[in-house]
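One-letter residues, chain by chain:
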Amino acid sequence: MKIRSDPATMIFLTLALLSFAFPVGYDGSDTVSWWFDLAAATFVILSIATAVFQLISRRQDLPTALVVTAGTVLGATAPLLAIEYLETRGFEALGIWIYLVGLGFLAWRAMALLSAAANFSLIITLAVPALFGIWLLYLWQVLTSGFSIPSVLLPSPEQIGAAINANADMLFADFYQTVVKSVLSGFVFGCGSGFIVAILVDRVPFLQRGLLPLGSLVSAVPIVGIAPIMVMWFGFDWESKAAVIVIMTFFPMLINTLAGLQATGKIEKDLMRSYAAGYWQTLFFVRLPNALPFIFNALKINSTLAMIGAIVAEFFGTPIVGMGFRISTEVGRMNVDIVWATIAVAALVGSVFYGLLAVCERRLTFWHASYRQAR
Amino acid sequence: MTDIGAGITPGLWHRLYSGKTFPVLTILLSILILWYAGAVYMNSDRLIDQYERNKTDWDMEILIEDAWSMERPILPAPQQIVVELIDTVLGKNITSKRSLVFHAWITLSSTLLGFAFGTILGIILAVGIVHVQTLDRSLMPWIIASQTIPILAIAPMIIVVLGHLGLTGLVPKAIISMYLCFFPITIGMVKGLRSPDILQLDLMKTYSASSSDVFWKLRIPASIPFLFTSLKVAVAISLVGAIVAELPTGAIQGLGARLLAGSYYGQTIQIWSALVVASFMGMFLVWAVSLAEKATLRQMGGQTA
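Chains as they are written, first to last, in the numbering used here: chain A, 1 to 375; chain B, 1 to 305.
Source of the hints: derived by calculation from the structure; they are not laboratory data.
Note that the coordinates shown come from a computational prediction; the quantities given were computed from them, not determined experimentally.
All residues carry an ideal CB built from backbone N, CA and C; glycine is no exception.
Some hints could be false.
Incomplete in silico selection of chain B near chain A, CB under 10 Å [what the hints assert, rightly or not]:
no.: 1; residue: Ile-27
no.: 2; residue: Leu-28
no.: 3; residue: Tyr-41
no.: 4; residue: Met-70
no.: 5; residue: Ile-74
no.: 6; residue: Pro-156
no.: 7; residue: Val-160
no.: 8; residue: Lys-205
no.: 9; residue: Tyr-207
no.: 10; residue: Ala-209
no.: 11; residue: Leu-247
no.: 12; residue: Tyr-264
no.: 13; residue: Gly-282
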């Protein structure tokens, strides 16, 4: 894949050079350009230099990709400096925004180069999405502070980070209440009972024929709606949240495990029979390993369902701790930065939970077709 | 597994046993029996308490009868829910705020709008991911990560930000639905657009087909079955999104609002009837999508399984 012309880098060069002609902010009442601060101007020039280097060399290897990435990161600090030291007054600091649009193209180029070079290295493969995420956070920061958006509407990542720092104890208490007490217990119990019932049902073909068609109906039902009823039955504390999660996670687990247990082919079963293997031996050595991809599928679906279930149930009544409670009260008190801090914690917890499941899946089902190296 | 009795003329019992309808009906019936028993069990404590306070004589028969007709039961009996459903669906004027049809319509409209948004967004993302390697590498992990964020956590913020931009009413709820339902569509479409194998792609190359030809004449038709499978998942999720979105928005209309109001005032029968309507709506939506699937596949040359 050879790219002759390099439109993204050229657009960046044009826009970056253009941005020198426009003001990047007010120092007192005078408009100033990038030269207001030697550091900012140096960073802009460095990013331009890497773009020129990329245009001239036209190489697509890893070192070039890293140089362009470094250029992007250096270039990205210039708007931050300008916003920090100058008054930007929204669109009047046109230079910053022109440069920022250009920088987007350069970042795109850096990601394209990195992902072209990523084929053999795990770290680089992880670096591309990381760069993308950092770029989004950076845009969020620059736009919210550059346009001075009120923090009641949308706080900047910096303010959210400060809120996380300042309220670490409270956030941990919420995390403990919602995740450790409700989500984990509900998740373990719901998935466990779904799994056990699936194995029992699998022994009785009659029940299987009765349950499978119902299962697809149940998957169309918004089970979250059961939350207010569970809160009435089990009270405000974590038990009611766990109950909602148990019901939500039970059916995906049951259906997926049943489907997985049927995934074993006739040949494998016949082979086990010719080894004179009993029911349990066949189950443990052939059918359950074969069902693992289905089971992990259910576990992954359930991990997101469990978080949703817990937070929804907290809307219907809760002790004065918990993530759902925190969000609904702090929105009312206009402490939007704490709300976003809680969202950040929830996102982190959810991603880690999902990531752990994905890692376990890879370890346990490495033999499965979907993990074989493609071509 | 079903041919155990092959060779013998299957009797009526055996035909019933190995069919599908009978097992399903048996399980439904046992759920119903369990439900009635559960209603007696869960409501009895409060009833016995009441009897003893009023010093009325009671036996099992009266207890069961009362348990199935309480005003605010812990677990209402099915026929109470049916009565409430008939009353609020058929007995009320459709435009009245007491009619469940009215509330169901509110939820349905935001579900459908969100579903439409989600389908469009999901397909666009999938097309981008399949065609641009950088997007595949950079965006895909974040699409998965986006689903690990519990949507309800962001819902109030979406309402605040959109409200500031002047969007209120249906659109914020639809956007929350969209956030939940674009995901399965993206995943399914990426899989579907990549499903043509190398032989077929090579064949297109020998025809010297342009990449837009490959896209429209090979990739899109190949992805249609995958699309419909994920649409069925997505429409059910979209309904969940619409209901959940009504909770933090303080909505007073819609099935989610009915749930919330019911839980505030302890109206269990109202909660259950809203749940039943929501369930039927979910099943109906999935059924409608699978009808569309059958029609489309027949149009495309009858690849129906």
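Hint check:
no.	hint	in the structure
1	Ile-27	holds (4 Å)
2	Leu-28	holds (8 Å)
3	Tyr-41	violated (12 Å)
4	Met-70	violated (13 Å)
5	Ile-74	holds (7 Å)
6	Pro-156	holds (5 Å)
7	Val-160	holds (7 Å)
8	Lys-205	violated (16 Å)
9	Tyr-207	violated (22 Å)
10	Ala-209	violated (19 Å)
11	Leu-247	holds (5 Å)
12	Tyr-264	holds (9 Å)
13	Gly-282	holds (4 Å)
Violated hints, in rising order: 3, 4, 8, 9, 10; the structure is consistent with all others.
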